[in-house]
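Visitor: What follows is each chain in one-letter form.
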Amino acid sequence: MTFADTLLSDSLAIALPILLAALGGLFTEAAGTLNVALEGLIVAGAFSFAAAAEATGSIGIGIAAALACSAAFAILAAAAADRLSANPFVAALAVNLLVAGAVGIASEHVFGTKGVVPLADLLSPRVDLGAFSRIPLLGPLLFRQRGISYLVAGACAAAAASYSSTPFGLRVRALGMREGSLRIAGVDPRTVRYWAFAASGAACALAGVALARSVGAWVPNIASGRGWIALVVVYLGRKRPAGLALASLAFGFLFALSNAAQAVLSVPPELILVLPYVVTAAAALLEGTGGARGSRG
Amino acid sequence: MTPRPDPRKPAFSGLGALPALAAALAAAAIYILAASEDPASAFRAFFLSPFTRPVVLANLVELAAAPCLCALGTALVFRSGDFNLGGEGQAYAGGTAAVLILLAVPSLPGPAGLAGGFLAGAAAGAATSLPSALSRRTRGADVLLSTFLVSQAVVLALDWAIAGPLRDPSSNLIATPVVSDAYRLPRLFPPSGLSFAPLLAAAAAFCLDRFLRTSRRGLELNLYGRNPAFAASVGFRVRAYAFWPLLVSGALNGAAGALLALGSNGRAVRGMTGGIGWNGISIALLAGNDPRWVLPAALFFAWLEVGSRQVSILAGISADVGTVAKALVLLLATARFLGSRRREARK
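Protein chains in written order, with numbering that gives the first Met the number 0: chain A, 0 to 296; chain B, 0 to 346.
Please keep in mind that the hints were generated in silico from the structure rather than gathered at the bench. Since we're looking at a predicted model, the values are computed, not measured. Be aware that one or more of the hints could be misleading.
As the list claims (entries may be wrong) - Label pairs and their computed distance ranges (CB to CB):
(1) 215(B) to 277(A): 37 to 43 angstroms
(2) 181(B) to 281(A): 48 to 54 angstroms
(3) 281(A) to 188(B): 46 to 52 angstroms
(4) 265(A) to 32(B): 41 to 47 angstroms
(5) 277(A) to 180(B): 46 to 52 angstroms
Claimed, not checked - Partial list, computed: chain A residues near chain B (C-beta under 8 angstroms):
(6) 2
(7) 3
(8) 6
(9) 90
(10) 97
(11) 101
(12) 165
(13) 166
(14) 234
(15) 272
(16) 280
(17) 284
Said to hold, decoys possible - Far from chain B, by Cβ distances over 12 angstroms, these chain A residues were calculated:
(18) 33
(19) 39
(20) 91
(21) 95
(22) 113
(23) 124
(24) 133
(25) 153
(26) 183
(27) 185
(28) 227
(29) 231
(30) 271
Using N, Cα and C, we set each Cβ at its ideal position, and we do this for glycine too.
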């Protein structure tokens, strides 16, 4: 593959898990309470997948474990806010910390180490669609990705469709815009909020599975900031699925570029990674709503 | 941006914080009970060993100082109705700036150098929070996201700088050169690392408490945080209150970074802040954003940290038990338990 092939193909592979996590975040943002625990939920999903798949030898059971575990942590944050009147934002920050501690402990018990655990069986192989994959640029980009990337792409499409055009998506958006309208329609807003959080957990779980399967290992801090980037993507993408996709691709490209930079360009990779934060920070700083406290609603 | 739930309402402080503390300690105890072959000695290591040796206790008190400064600034921003999520980058910038200034002027008298280092650290921390504060003041932009993003950019840039152009090539650590010995925080109780930093933190807590409870500006800030529309309608300087708390918080985070750099390391080490910004948020919330309770809350966190380190060394239990305990404190720090829920229901 040429440099351009690799760069584009890697950009998409990196962007997809970020997009999926961001779509999960979008459900909660639209429901009125942004779940800032995406980073932790990705780690929880990746770890529970690695542990369960390694123990049972079944990728399917691993994915089921990841979905259950991340959704449970997400629901914990929602429940702390709902049942104990905790600040939902703080509760989600706490879940991030809780996952970090719990995964550290669990890793010592399951794998006997807190470090990297190579799990070659879990590596998702690259597909090769023969003639298709030899099309210049498009071939490597679309037809020579790892198998897990297609699953994640499908999940992204399903999440976007569910957000835009299913009754559940409509209820989630209605909850954020006018909670009273749900009550009038006979829908319990609390249930919808719990489901939105569970959806964010499930999306992050699959993102975590994709990260673990793309390296064939359990790596501590495997999310390495992707959950935070996903939150940024929610805002940078203007809270619309298509916008989220564009923003994720931009981040994916910058990550891929920073990976390639060390070998090919003379720019240090850390400095390339600063760029998306600077761009997004500039966008956030310039987001004006007219006067102090204007944006608090 | 989403309307945020009110972060200013102190959930509880002082005795009211007991449920969060109890849950954290209970979780630690249950895990130790389940994972240890000799629970009695593991319990002693976690809960008591920090108090049995004066050196360990002195280190614990020193450990509380920097997060205490961060938490004071965070509490001030909470009182004004905002979140400062940029503590990590502000502290990192402060620590690095303090070291760079002191490396540039190696022959000042010690106290003058230390004071200069702290000022440089505070200025760098404030400068890191300045873009967010300015956009808050002039455009009403939400600082939650902007403080975090600016901080992340600063962290990545400093990670690069410390590993690259600022690195001391003769050291195995990824770190800057060491500052002159005269600029290191003097140790009050060697061989422990105890310095005057905890006194500085206590003094800062005292000043902030006096400001918030007895000065006109402090009372106005409180009112503004609770009800900005009301504050604007009675002619308070609301634009100033959307600006200064963030800047002061940045400065306190920067000073905390300087404490870290000029303490045991004497240099800026890559990744040296190690979550201090997040700890600051937890401590501020545990203290109910009340400066009088910030130092005790910081000491409690330092105890969890030292205890989990001790239990890991002495009893082979994962040090992450401390992280889980801290997470539970944060999870429950803003919760309201049955009593207050009933009270609310009655209202």
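Visitor: Tell me the hint numbers this structure goes against, listed in increasing order.
Guide: Violated: hints 2, 4, 5, 6, 7, 8, 12, 13, 18, 19, 20, 21, 22, 28, 29, 30.
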